[in-house]
Each structure stands twice: as C-alpha cells, then as structure tokens.
Amino acid sequence: MPATLVDPEKILKDLRKLWLDLGRENEVAGGVLRACGMTLVVATDNAADMDELRHLLGVLMHNHPARAIVLKLDGKAGLNATVFSQCWMPFGKHQQICAEGVEISAGFSELTHVAQLLLPLIVSDLPAVLWCRGPRIFSDRAFDPLLPLVQKIIVDSATVPDPYAAVAAVRDLRQQGRLVADLSWTKLTGLRELIASLFDEGTASNISSVRIFYGGDAPTVSALYLSDWMRRALPDAEVTLEQRGEGTRSIRSIVLVGDCEAILTRPDKATMEVHCGGRTRRSSMVLVSEETLMSEELSILGPDPVFDRILA
Amino acid sequence: MLKPVASNNPFADPLRFDRRVPECAIVIFGANGDLTKRKLLPALYRLAYERRLPDSFAIVGNSRTAMTDDAFREKMHESVKQFLEDSPFDEDLWSSFSRNIYYVAGDLNDAKLYADLKTKLDELNRPNVLYYLSTQPSYYGPVVEAIGAAGMGRSTEKGWHRVVIEKPFGHDLDSARALNARVHSVFPEEAVFRIDHYLGKETVQNIVAFRFGNGIFEPLWNRRYVNHVQITAAESIGVEGRGAYYQEAGALRDMIQNHLLQVMATVAMEPPAAFEPDSMRDERAKLLRSVKIMKPEEVGFHSVAGQYRGFREEQGVDPNSQTNTFAAATFFVDNWRWAGVPFYIRSGKKLPKRTTDIAIQFNSAPHTLFMSEDGRPPRPNLLILRIQPEEGISLRFLSKYPGAGMRLRPVSMDFNYGSSFGERSPSAYETLLMDVMVGDATLYTRQDMVEASWKAVTPILESWTERTFDFPNYDPGTWGPAESDAMLARNGHKWRNG
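Order-wise, the sequence lines are chains A and B. My numbering numbers the first residue of the first sequence as 1 and each following residue consecutively. My numbering numbers the first residue of the second sequence as 1 and each following residue consecutively.
By construction, these hints were calculated from the structure, which means they are not laboratory data. Source: prediction; values computed, not measured. Worth double-checking, as some hints may not be accurate.
[As the list claims (entries may be wrong)] Capping the alpha-carbon separation at 25 angstroms, the derived lysine-lysine pairs in DSS-like fashion look like this: (1) B:Lys75 to B:Lys118; (2) B:Lys494 to B:Lys353; (3) A:Lys93 to B:Lys353; (4) B:Lys81 to A:Lys93; (5) B:Lys292 to A:Lys93; (6) B:Lys81 to B:Lys118; (7) B:Lys494 to B:Lys292.
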C-alpha cells in the first residue's frame, strides 16, 4: 500500500470509534477510564517479538499510560495501520482503565513517510518518547526523521557488537541536544545504588583506586558506563577496567580500595556480595526485566544529570 | 515521591535511587490495636514489597497481651492480608519480612517493659530506633518519659532515636502545651514527628504541586478572585465501635482541629522559599497563626454542632451524650491575601456519602452577559480538589450549549489521578513512615502548628462545653443540621453537596 493511503485522520477516527465501543461494552460498569500521560513510539525490526512487545506494553501502561504507537519495521514496503486498546482492572477497583494504541507496519525506506504520519498522531502538549528496540538505530540513519518528533529517545546498546562504538553513538545523540537513555545504563541502577550505600555506611571511604573486572573479549557497554561514572564521582581516584576471564561479556567484580578494600562480586544471578575487612554482606540483586528498565526510564522525562555528565 | 534528602555522597543519583531507609528498628506501642493492624503493618509490608526497606529492618511490637513472636507474626500476617489496599499479598515476601518481627509484652506503666525493650533493642543492635506511639493518648506522656528514664530516648553517635506521636496531640491548648513539655524532656523537637495522615495523602501533597508548580492558578489565589472556600470531610459510616473514644473527642477535635485545619493551611499558605521541611512548615504555621480567633459572641454565628440520630444508642456512648458527630465552622484568615474570604469547614459522620474535597469558588464575572437556562446569573467558576475517594481536580466553567441561541451550561474539566499516572499511589502511612525514617519532617506537624490550630478552635470548644445542645439534630444520610446551611446562607453562600 503506498504511504499516502494511510491517513492519520482515518487512524484518529478509528481511535474515536474504539473509545465509543469500549464505553458501550462497559456501560454497566460506568464506562472505562481513558488514560494517557504521553505518546510512546516503539520501533521494532523484529516481527517475531510482537507478542512479547504487546504484553510488555500492556504491563508498562499500568504506570505509564500512553498512546502507544508501535512501528513494525519488517523490511517489506507498504504502510499499514490498525488501532488497539490495552485495558486493565486496577486491584480492588471496579472500573477498567484503558490506554489506546496504533500499530503501523512499514519498511525502513518509508521512515520519512512514517515521520509525517506520526506528527498528527502524537498527543498534543504531552511528552513523546521514542523507544528503539534492537541495535539498528546504532547503524542506520533511517531513524533520523523520527528523532525530532520526540523529547526523549530510549535505546538499548546491549547487543551492539562494538561497545565503544555504541557509547560513541549514544554520546553523539546527546551532543545533538537530544535527551537520550540507554538501557545498558539503566541496568546499572541497582549496582550503583549498592555502591552509593557503601559510601553512606562508611565502607567505601577515602577511595584511592577502583578496579572493574570484566569477563569476555571486551567490556560491556554497562562496564564502560560504570567506569565513567566512577571517574566522575571520584576525580582523584585511579579507575581501571581490566579483563578477567573468558566467556560472555559481563562485569565480574569491582574492587574499591580505600580505608578498607571492598570487593563486590556476584556469586549468582540474584545476589551481590560485598567483602570488606573480613566481613561479607549479601544483597539481593535480581536481574531486572525490560519492563522494569523501561518503567524507570519513562519516569524520567526531563534531563538526567548523572547520565548526561557521563555523555559529556 | 518527595524531593530526596540532600546528600554529600559523590555517587548520589536522586532521580533514580529511592530514598533509602537506614538500618533501623521500629518499636510500636499499642501493636495489638486497630491502627497497627489496618495501617502501620500493611504500610511497612508494602514498603518492603517495593524493596525500600533494608533487609535488616526490624519491628518490635508491644501490647499488654502475652504473646510469642510467632503468635504476633501470625496475627500481623492475617491483618496485612486483610487490610493491604490496592496491592496483592506475596507469601514468600511475608516470610522473609516477618523474620524480623518481634514482640515484647508488657504494661505501659511498668518499668520492666522498658527494661525488656532495651534488652531486645540491644540484642537487635540496630543503630537507629523509631518509637511509634499508637496507644491511647493518655499514655503519650508516660511512655515518652519511661523511654527517657530507661535511657532509650537520646540519639547517639551510632544513630538517631525518633518518636512518632499519633493525633490527638492534647485535647485542648493547655494539654497540648503540657504534652509538648513532657515530650521535649526526652526528645528534642527535631526528633518528634507528630503524624497527621491527611498530610501524607498524595492529593493533599498535590495541592502544593498544583499551586506552586503551575503559573496560572496562583495569581487568582487571593481575595480578589476567590469568593470563598469550602472544605468537606464527610463519612457515611457512624462511630463503628469507637463510641467510647469518639464521645471524648467529637468531630471538631477529631477532624477539624488537626486534619482539616492542616489542609486549609496547605490551601491558603504563602509560597515557601523552598520545598524544604522548615520552609514548608514555617508557611503552614504562619497561616495557622493568622486564623482569626473568634470572640465568644461570634461562636454561635460561625459554628454549628450536630449529632446524628442514633449516636446515643451506640455501644459505649452516654445516652445523654453532648458529643458532636458533625461540626462546621467559618474561619477567616487575617492577612492581605485572604482578608474577608470565608473558609467553611465541615466534617461529620453518617452523612450521605464518604467524600473529602476542597472547593474554591471564584467570584462571578464582573459583568453578566449571559443568563443560565433558569434565567438567573450563571453559577461562578468552581475549582474542586478531590482528596478521596476519586482523587483528582475538577474545574467547573460555562460553555455554550450546542445549537441556535446562546444557552450556557456548566461543564467540568476533570483531571483524574488514575488516568494520568496509572494505578497506584502510596498510602499516606507509607509516605509518612518512609519520611520519618529518612528524617524528612515536611509532612509532619510542628509544635507551633499544633498550638496554633488548638488556638483557632479553642473559642468554639469553650463555648460548646458550656452549652447544652438539643441533640440529636440531624438524620443519618443527610448533610447535617439545618443550621449548617443557615451559617452559609447568612453570607449568601451554599454548601456544595456534590
């Protein structure tokens, strides 16, 4: 279908009809509560994960109700659009809350047309966020027409083969003046909070050096961010990134040398251990899901000074 | 969430890190009571659910009933399951959370209790200790003094010792001052957290955001544009087994002196210089000190007491009780911003529905171009801040009715919390417990605020104590006695019974 045949007016009309139908279907319960706090544009080039994405959006909407616009970039030419709703019954309530969505299929070559289509579909006067699932944004300029439409761009560099190039690309986006978030940074929140708590408790005082050990053939993007964060926080300390062990890329351990030598290790996926002065403290550090990471990012729609300092 | 506490930690990231509760123990006096079961434990469990409490967080419950730790845990398990609001219950989480729940039985008047508590706290070895007085108010002074006598009150180099005191803080101005003196003999003011759970409600906090975060309302927030303000806290239920307590308190003491005057202070205070505990509390206190104190001869004109039919038959209630189950009052604020603007406050039991809201009625347009459909001047704009049950904000204004001619109808522009921020706000007790543990007193009342609000109601209390009312004077399911409507009608106003 040629791009011009997908009419934003028609999509908006379909959305209005969707709400009327939802209202009628739930008339006995007093209709539904229409929820919208932002526009969330999600671009995915993996058609296979559409079910997972729909489920994920359904969960995200509970805390970040939005008009979700899913761009299914499957490489095939031709634009197609359908509307949908995500409804849920809050615990203990009797009225459903619903958020609306639009699913648009397009080829990569049509992203310029998609940008024109998106403009009237973005909810006026509310924040708009672009979430690029997958690594393609790091290598493909096709996304460029979408970037000026939104206030914040969320990417995930975890699967980019070259971590240094990924950080450079994120830095480049930031230097263009765009608010950008990388889920590889978001994943570090729990670990960073643990390190901050060591400082509060006095376990990590007068730190003179920090050694971050990573496994695999190169540091992860998260490891690069962590070392930059340490350097910014401790300008007088020596911060090094060192390889230790083969296998998958990951942060293996962190050593903070100060009044006592604090060693942070991860004995299993759900635990972090801190060894210091002969004592061991265990903290739970569960692997965070994509929805948790996204929820954290969607709760920050303005500047993120700590991450910005790393990208500066 | 409130602004995070300032930190000199080079790793701080206030946007992303939750405020962290330091390693601490909370001692709850009156742990067998309703408040603990319905509010405190569910709130603490919910904070644990959100991983905002340290793993070592300990709870020590106390009451007179002899009980083992396990029996107390089981009791709390049932309570949390029953009273947890808007949130599912997770058995696995409960099993790790409850490991740090302990129980020490003992009489609040017995020095041995405090020795036993000291032994338990020494054994637990948490650097910070929070005492929560959820007892009958008459025990507040003795318990605090006993904590002091046992050497458990003062903060040490290891950590802080704080006390949370539930309302009512005194039963009049003199008793509030006397209680303050007793509390201060053990805890300095910065360690005293007087809880008013209304201030912990998200929607009450949102009044501050609404007023001072937006540029369009504050210019209208004064006597030039505001005609009057109505604050209503209505309950559809009666005293529900609390007859004995309630007949000593009454609606004026139970609701207006504390919750509703604090709400009024939040609505009417001047903008603080910063969103910091002392700045906020200074402005609230200043407003409360500006409330015009009624002269004895004005009390009958500016206040109304009511009692619903059937109250005297409630269990534990004196058959000749003079307790007010409904109270309404007109307050004025003696400052430049509010001079002459009436603030009508009412609260009652057995009213038609459960609702708490603040209605700000603006002046009518200076020149009336249009008439309502009934031929009268159109109703003025109304801004309603809904505290419960449907939290949100509505603005009523006039709109042209579609079609020929110029017929105007009032319409409402609504903001509903659920439709913009998803499904759940923290309960007031979650917010306030978190605040006290991180040392943020913004939402707690200070001694001068308590005394100023007692001063504001003292003439009414004194006058009502001297009078014999012809109670009961309103039927359940109505909006209180007719005198309440008359009080507003004298100023040409009318309660919004929406």
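Numbers of unmet hints, in rising order: 5, 6
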